[in-house]
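From these two lone chains plus the hints, build me the complex, please.
Below, each chain spelled out in residue letters.
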Amino acid sequence: MLLKIENLNASVAGEPILNGIDLDVGAGQVHAVMGPNGSGKSTLAHVLSGRPGYEVTEGAVTFEGDDLLALEPEERAREGVFLGFQYPVEIPGVNNNYFLKAALNAIRKHRGEEELDAFDFIKLMKERAALMELDESLLSRAVNEGFSGGEKKRNEIFQMAVLDPKLAILDETDSGLDIDALRVVATGINKLRRDDNAIILITHYQRLLDYVQPDFVHVLSGGRIVKSGDKTLALDLEKQGYAWLETSPEARPVRS
Amino acid sequence: METPREPVAVDAALNEIVEQEYRFGFVSDIEADSAPPGLSEEIVRFISAKKEEPEWLLEWRLAAYRRWIRMVEPKWAHVHYPPIDFQEISYYSAPKSKEDAPKSLDEVDPELLETFEKLGIPLSERAALAGVAVDAVFDSVSVATTFKDKLSDLGIVFCSFSEAVRNHPDLVRKYLGTVVPPGDNFYSTLNSAVFSDGSFAYIPEGVQCPMELSTYFRINAAKTGQFERTLLVADKGARVSYLEGCTAPMRDENQLHAAVVELIALEDADIKYSTVQNWYPGDKEGKGGIYNFVTKRGACRGARSKISWTQVETGSAITWKYPGCLLIGDESVGEFYSVAMTNNKQQADTGTKMIHIGKNTRSTILSKGISAGEGQNAYRGLVRIQKGAEGARNYSQCDSLLLGDRCGAHTFPYLEVRNESSTVEHEASTSKIGEDQLFYCQSRGLSMEDAVSMIVNGFCKEVLRELPMEFAVEAQKLLGVSLEGAVG
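If you're matching them up, the sequences are chains A and B in order. Residue numbers for the first sequence follow the working numbering, beginning at 790 and rising by one. Residue numbers for the second sequence follow the working numbering, beginning at 31 and rising by one.
Calculated directly from the structure, the hints in this document are not laboratory data. All residues carry an ideal CB built from backbone N, CA and C; glycine is no exception. There may be inaccurate statements among the hints.
One-sided and incomplete, this derived list gives chain B residues near chain A with beta-carbon spacing under 10 Å [said to hold, decoys possible]:
| # | residue |
| --- | --- |
| 1 | S452 |
| 2 | H456 |
| 3 | Y470 |
| 4 | A481 |
| 5 | K491 |
Looking at chain B on its own, in the form it has when it is part of the complex (with noise of 0.2 Å):
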């Protein structure tokens, strides 16, 4: 059979499709009450004031807030970006209603229910039928929360993280930095010093979690970094899934994400967590798009505990996260499943760490990246079996797939093995979405489009698959979407 040497027509068809714009560019017109740019104690204590916050939070945030004056940014990471001013960034926002904060959705901004529906965020009657809890986090003041009741008579605790602190102190004081601790790195400290809000969870020990809960996290006002803390916790014997989904408007300038997530997992406790990130990515040129710098870790601390990780991230100019998992107890399990994507010129530098200290310790990691444009794709992770993890096991599986000729996949596998009994298995694969593959669809009757993102698809589905359902749909129809204009 002859072949073609320049398959050029398929490289000009696919840079239509990966040439597609931010479909969420969109900008709510809500006054925000926003701190004036900078960081410093006094702007600190006004987080502080602000949120009504007791002594010991503000301690707690003024200790962070000295320990990362100290710090310095960390610059090991795949990415490359122009150093951040964070004197320039402005540290609080919140949507002005925040006086009167809603009683029900009938009382919520018109245009912030607007912009949720332009997402497609089930928040009203799709939430009861889709069977979502939904906590939305507009800019950094939860503004509505749905299914609480619900979940209260269970003794579920599910509010934003402002709550948390006014209704369940104890709660939060007892878990809160014990996973990140403050501290833990330039970001996560920057996080602990300034955080504005963010989603808590509390599932009572023996108790199952009916629905699956739900946070979807909006970056609007110009120029506010986001800040975001999130702190689950399930009791011995709980089982919760928890979606986190995120979608941000169009901006020209570049716009910081530093979350902490803390998960803890007791005896028996099972916590799925999972995230579709959708941020603005930066156009085709690389202006704008927001950094996402998130440390989210998650800690087995009883014995048969699992805490599993999937993740959807599919936007943003970078994304530098490493969802991690502390297998402490006893035949504890840990999971990471990832589908990170950059196209244009965006970066990914993400990946898990996975510390086996307990005995039997069990963990599988599987990472799919997809590199369009000029994206850039790195995969990072740690796999540590301490000296105590008698039999602990780990496997790995991290693939790349490319799309054009112009973009990079990279592999950087730690792995650090402290004990003789322990087994860890780790595979790697690169290839391409191939010309033949491309045009093997399309002379099936497909479009080009659709056959990237089938193939695409294809190549995710072991991930996919771990998705709760209604999620999977979408985070299917983001991969087709955000390849758009991609391929080679």
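One chain only, chain A, in its complex shape (with noise of 0.2 Å):
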């Protein structure tokens, strides 16, 4: 198992958030964790990447059998785990290119690969810049100033392209995206799945999944994943909204 997550409990400020998920993420797969605002969906994200400030209060998660909440953030992302932003970050001054390239040879290092040097690097920047129709100007500008809210989200997936994960967990990389750009982002989630690694889709909306077809739907709600099922749960989802995890019986939280 690539990701195992067990009654994960997390808080944020003392309050707690996530109260006890559980979820196997195999290789190849492509898992949609869905639900309502609240619901714990970001902070999930933000606990597996180690943003500090969320503090992980009982549970275990493995990444490749290791225990993964024991890493510093970025040895996460060394590892393999990538995160892409709900709002992608700007670093006046920074640019893209450099940037990239100090994050790859980062975790090329701690793989025991040799460093790229310039040429190399540039080259497989424009390979996937042209495979995920990244405009190459947005490369030489400072890291996501002043792009736009589409741009920025294709940079997400950019960025993934070039550090090539072994499991992406994207956080609502639909959101605030028309349709032209949903559909330009996700050919480029597509055009990554692999046999050998894996997705977790964090979405509001049914729709992303329209492109990016899941094998996995989850419905969080109250920090817990109340209803698992394949991408059909998703389109019972969009017909019937979140109302129901109030009232459904099945919805109701198990205490153990």
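Shown next, in the form of structure tokens:
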């Protein structure tokens, strides 16, 4: 199993947000995690990538059999965990090429691979930019600075393409995108799907799943997974909304 | 998205980065030939005699000294320090080998060379490869000057100040004190009385200096004030780029550094003066460290002349300097690009003075202040448009970056506009390194140190790119090193 989450409880500023998440993600799989606002979707993403301020109070997470929670955020990234941000951050004055080269080489160094030189790196960047249909001029601009919402999200997927993670957690990558941008981003994600990597798609809406077909869909509510199924579950959610979570007996959390 | 309210872990990690020890803290064991502590007419005469100076220069020093004893130490800067006892300071110190000055690098004290080596100064072969002529000032006397022959073929004079007094007295006498007059301010007046050595450069008419001129200053002997005097003259149509780099070994006592730099650009001349200042900043508790009270000023005397100051100030316990330009010639240009960083208990009050006198004169000010730990950083800048400065233009931008919540940034812009046809623009911003920026970098595999360094370098980019290439690389590293342990 690539990622194994067991009874994960986490709180932010003393307030419990995740209340016992269990999830197994195997290589080659795409999991969609859906749920209403405040259900803990983004918290799950941040806990997995080690954001400071998110405190794990109980449970365990292993990545390729090793304790993921013991690692610093950058160590997780170097092990192959990638977080696609819901709100990508601007870093003025630091150009994309430089940023990604430093990141990629930190990861390669960790893997015991040689650092890429400038020529090989530029070649890789051009290749990946073409794959993602990303305008190359964005690469020499400062990281996310002055990017449109769509450009920022595409840049996230582009970074994923360059860093080539084993597990990508994409936090509401579809939010704020118009239909054309959504299609481009989804196409990019599909191109990166392989048998030896996995993706967790965190999304509020079903529409991304029209383009990126998940193997599993999980519904998060009150900080735990209340329902899991195949892609048809997403379609049911689309029809029914999330209101049924409040009333449906099967949605009621089972206390241990 | 849920946002954590207390990024405690980040602060802790940042503190760890900030708490890096000063990397250049070592003391060379070279016998110094020092004057006893204290300042008097006798000491001024002693210094002048030691340097075998002509009578006129002794008189010049004495006049400055007599003014200085009537002056009062200025208190207006946004810095705090205990009173300095000027009678406790020794005003002259030279390496003992001065009697028989080295003719080549082979004759230079090996320990001295080793010291330079540790600092990564390209004095020997590396100097040649890097195309840099180094006039190394160790304590107060120049010990080695390279490339002099090559430069003299072009008529360029580049030597220690003392040498210039001996070999080019007319040039020195003509320009010394004409930009920063004796009596200009407390510290420059002190410097005028007791200056030890420094650099002198003269670029003759129409000559473009083919290499970057460079001086590394160091302060070594304990309790020795260093009073450098630098004079740079670019004659009509001449062009020169001058680099000044500084590192000092660790000392417990506070050390006073009061240098004076004068630049003179005649018609169509162009002077670029770059500084990387990395003196000992004191320890985490604010013990020790250099007091860097420096007067730097350039005069664009001729039409279309240009003087550009670029400084990266990461060291010293207290920095107090305002490299300025007197824009006298019509269409002359003044520039000031600055990165000032304070960490732990460091304090900086720095900026510039742009005095527009001639018509259609232009000035640009770009200041980047970075405060970390309990560092205090003030930008203080004066833009004055004189009555006759028709069509003068100034653009100022002052940005501050805060790392953590115990530091401070302050901006004191002074605008004095006496000509209606001029344009003066001032922009200022203050931002904080965000926990989100750091996490974003970390989530891509970058360590906290690298993330901080990258964000800070990004913030300073517009200034760093004004530096000559080899200096820019050094400055970038320096920013990273000086910040290790900072952010929030």
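So, going through the hints one by one against the coordinates:
Because the closest C-beta pair between B/S452 and chain A is about 30 Å apart, greater than 10 Å, the hint is violated. Evaluation of the B/H456 hint against chain A yields a violated restraint, the C-beta minimum of about 20 Å exceeding 10 Å. Because the smallest distance between the Cβ of B/Y470 and any Cβ of chain A comes to about 4 Å, under 10 Å, the interface hint for this residue holds. Hint status for B/A481: holds, given a least beta-carbon distance of 8 Å to chain A, under 10 Å.
At about 4 Å, the closest approach between the beta carbon of B/K491 and any beta carbon in chain A falls short of 10 Å, and the interface hint on this residue holds.
Of the hints listed earlier, those the structure fails to meet are numbers 1, 2, in rising order.
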